[in-house]
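These protein sequence lines map, in sequence, to chains A and B. So in the working numbering the end of the first sequence lands on 273, straight run, no missing numbers. So in the working numbering the end of the second sequence lands on 273, straight run, no missing numbers.
Take these hints with a grain of salt, some might be off.
[To be verified] Each computed DSS-like pair below joins lysine-lysine, with the alpha-carbon atoms no more than 25 angstroms apart: (1) A:Lys120 / B:Lys97; (2) A:Lys186 / A:Lys198; (3) B:Lys97 / B:Lys87; (4) A:Lys87 / A:Lys49; (5) A:Lys53 / B:Lys49; (6) B:Lys53 / A:Lys49; (7) B:Lys159 / A:Lys128; (8) A:Lys186 / B:Lys255; (9) B:Lys159 / A:Lys40; (10) A:Lys128 / A:Lys159; (11) B:Lys176 / B:Lys159; (12) A:Lys97 / A:Lys128; (13) A:Lys49 / B:Lys97; (14) A:Lys97 / B:Lys120; (15) A:Lys120 / B:Lys128; (16) B:Lys87 / A:Lys159; (17) B:Lys255 / A:Lys176; (18) A:Lys97 / B:Lys49; (19) B:Lys159 / A:Lys159; (20) B:Lys49 / A:Lys159; (21) A:Lys159 / B:Lys186; (22) A:Lys87 / B:Lys159; (23) B:Lys159 / A:Lys49; (24) B:Lys53 / A:Lys97; (25) B:Lys120 / A:Lys159; (26) A:Lys128 / B:Lys53; (27) B:Lys53 / A:Lys120; (28) A:Lys120 / B:Lys159; (29) B:Lys120 / A:Lys53; (30) A:Lys53 / B:Lys53; (31) A:Lys255 / B:Lys176; (32) B:Lys186 / A:Lys255; (33) A:Lys159 / B:Lys128; (34) A:Lys53 / B:Lys97.
No wet-lab data here; the hints were simulated from the structure.
2 protein chains.
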Amino acid sequence: MATLSNCFQPLKFSPKRHRFNSTSLFTRRCSVSATINQSKLDILLDSVKWDDKGLAVAIAQHVDTGAVLMQGFANRDALASTISSKKATFYSRSRSKLWTKGETSMNYINICDVFLDCDKDSILYLGKPDGPSCHTGSETCYYTSVFDSLHSSQAEGSKLAMTTLQSLEATILQRKAEISESSTAKPSWTRRLLLDNKLLCSKIREEADELCRTLEDSEEAPQTASEMADVLYHAMVLLSVRGVTMEEVLTVLRKRFSRSGIEEKRSRKLEGS
Amino acid sequence: MATLSNCFQPLKFSPKRHRFNSTSLFTRRCSVSATINQSKLDILLDSVKWDDKGLAVAIAQHVDTGAVLMQGFANRDALASTISSKKATFYSRSRSKLWTKGETSMNYINICDVFLDCDKDSILYLGKPDGPSCHTGSETCYYTSVFDSLHSSQAEGSKLAMTTLQSLEATILQRKAEISESSTAKPSWTRRLLLDNKLLCSKIREEADELCRTLEDSEEAPQTASEMADVLYHAMVLLSVRGVTMEEVLTVLRKRFSRSGIEEKRSRKLEGS
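Make the full structure from the sequences, and use the hints.
If you want it as structure tokens, here you go:
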């Protein structure tokens with residue numbers, strides 16, 4: 001019988017080293033299964049506005065980073081398969097058959113949830129990829145920037161589509177790469193931080209303190225946003241120094257918020273022993 | 001003549017209160033224009049693999065939060081219009097005409113960049129929405145959760161598709177709402193933090209310090225990820241207390257990294273006066 005992920009746990013407070021976990025909104029275990037009501041499944045599949053070829057657009061998105069990984073099409077069987085297998089499955093129009101991303105490459109997209117749009121003719125597969133989602137080996141299929149292509153002084157743009165946080169991370173990574181490549185790179189604040197752990201840590205503590213002061217001193221809200229931006233930026237430079245990605249951090253957050261109360265309690269006992 | 005965004009500025013270091021800005025990867029001004037080479041534009045438009053109806057899938061994504069806002073179709077004119085106007089434009093198949101999101105609602109999606117996928121048959125509009133992107137008033141069109149719909153004990157799921165960071169923010173917001181709704185809500189760590197500014201700030205400073213120690217004491221990388229998760233979570237609780245959203249913080253980050261060197265220097269002079 002088909003299964004799906006369902007995990008509702010109240011938030012727990014541990015007086016020692018608390019590990020927060022959560023409820024309702026955070027059911028993103030992406031692997032645990034529960035029983036599906038088959039008639040409900042049929043009703044859902046019937047409700048999708050399949051086009052004249054029996055297809056709907058299916059967009060796969062990274063649950064943690066938000067990156068749009070790829071876009072294909074799904075028919076009723078592909079959607080049913082996605083829901084039951086928890087692996088993003090599409091309908092290949094060229095080969096006229098179902099196709100599960102990863103069936104050859106092992107780079108599955110593990111489904112956390114599936115969404116339909118307001119018109120029920122577009123499907124969003126929200127999941128965690130096991131590896132690059134593009135057959136070219138790129139993390140996502142969207143790496144051709146139109147604006148870069150059109151800029152008169154550049155060749156066709158090849159730049160992964162990234163949201164603000166990913167762009168910031170990539171920029172910091174670029175500064176890090178420039179350190180080893182060349183000593184003639186232009187001076188930059190990020191470069192200085194990357195080369196001076198003492199300065200970096202001093203700044204992180206300072207910015208965290210300033211963030212707190214915006215609350216303690218009832219400063220204007222925009223000041224809180226500004227200080228939070230400082231905390232985020234400096235902390236991300238530290239992540240870069242340590243070779244840790246934001247994706248790894250977000251994965252930790254998602255898993256913490258998806259753990260059952262029993263597991264959380266058990267882990268506290270282990271931590272205490 | 002059509003224009004596009006292009007802003008390349010080296011990183012500046014200000015010994016006083018530095019304001020970092022960036023280069024190359026962060027060209028997300030989403031409004032400033034530059035000249036487009038018309039023949040390059042034609043070549044690009046020709047390179048798209050329009051289907052037998054002259055259409056390609058066009059996905060609009062929030063540049064800061066990563067939320068997939070909506071999905072439609074674009075033809076050659078719609079893509080050209082999007083590039084020149086910097087407003088997400090689609091081709092309405094039902095009305096057989098071009099349609100700019102926001103032309104009625106004023107909720108434009110302001111384009112920062114456009115990407116083509118590896119096969120050049122899928123388009124990603126990366127932009128900043130002026131308001132809700134769905135005609136229903138929802139922030140995005142994806143609010144029907146398939147897994148929630150199928151869960152046997154729940155009614156049809158109505159839950160905005162969210163990435164991990166957005167989900168965390170929403171969970172914290174939910175705890176905040178529960179405080180005013182009921183005093184019988186289950187105890188939770190988030191709730192405690194929301195009600196105790198002193199504890200909250202103490203935790204933020206503590207977690208920032210622990211994050212730094214993972215670098216200073218050369219701890220294992222997973223420990224850095226774990227401490228960063230703690231910093232992020234606690235800082236986001238503070239944001240919630242202050243009524244500040246992660247989107248606002250990310251907007252600050254994006255704008256900082258997009259400012260020209262001249263603007264940044266000018267703002268430092270103003271700050272110093």
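Exercise for the section: Enumerate the violated hints, using their earlier numbering and listing them in ascending order. Expected result: When the structure is compared with the hints, numbers 19, 21, 26 turn out to be violated.
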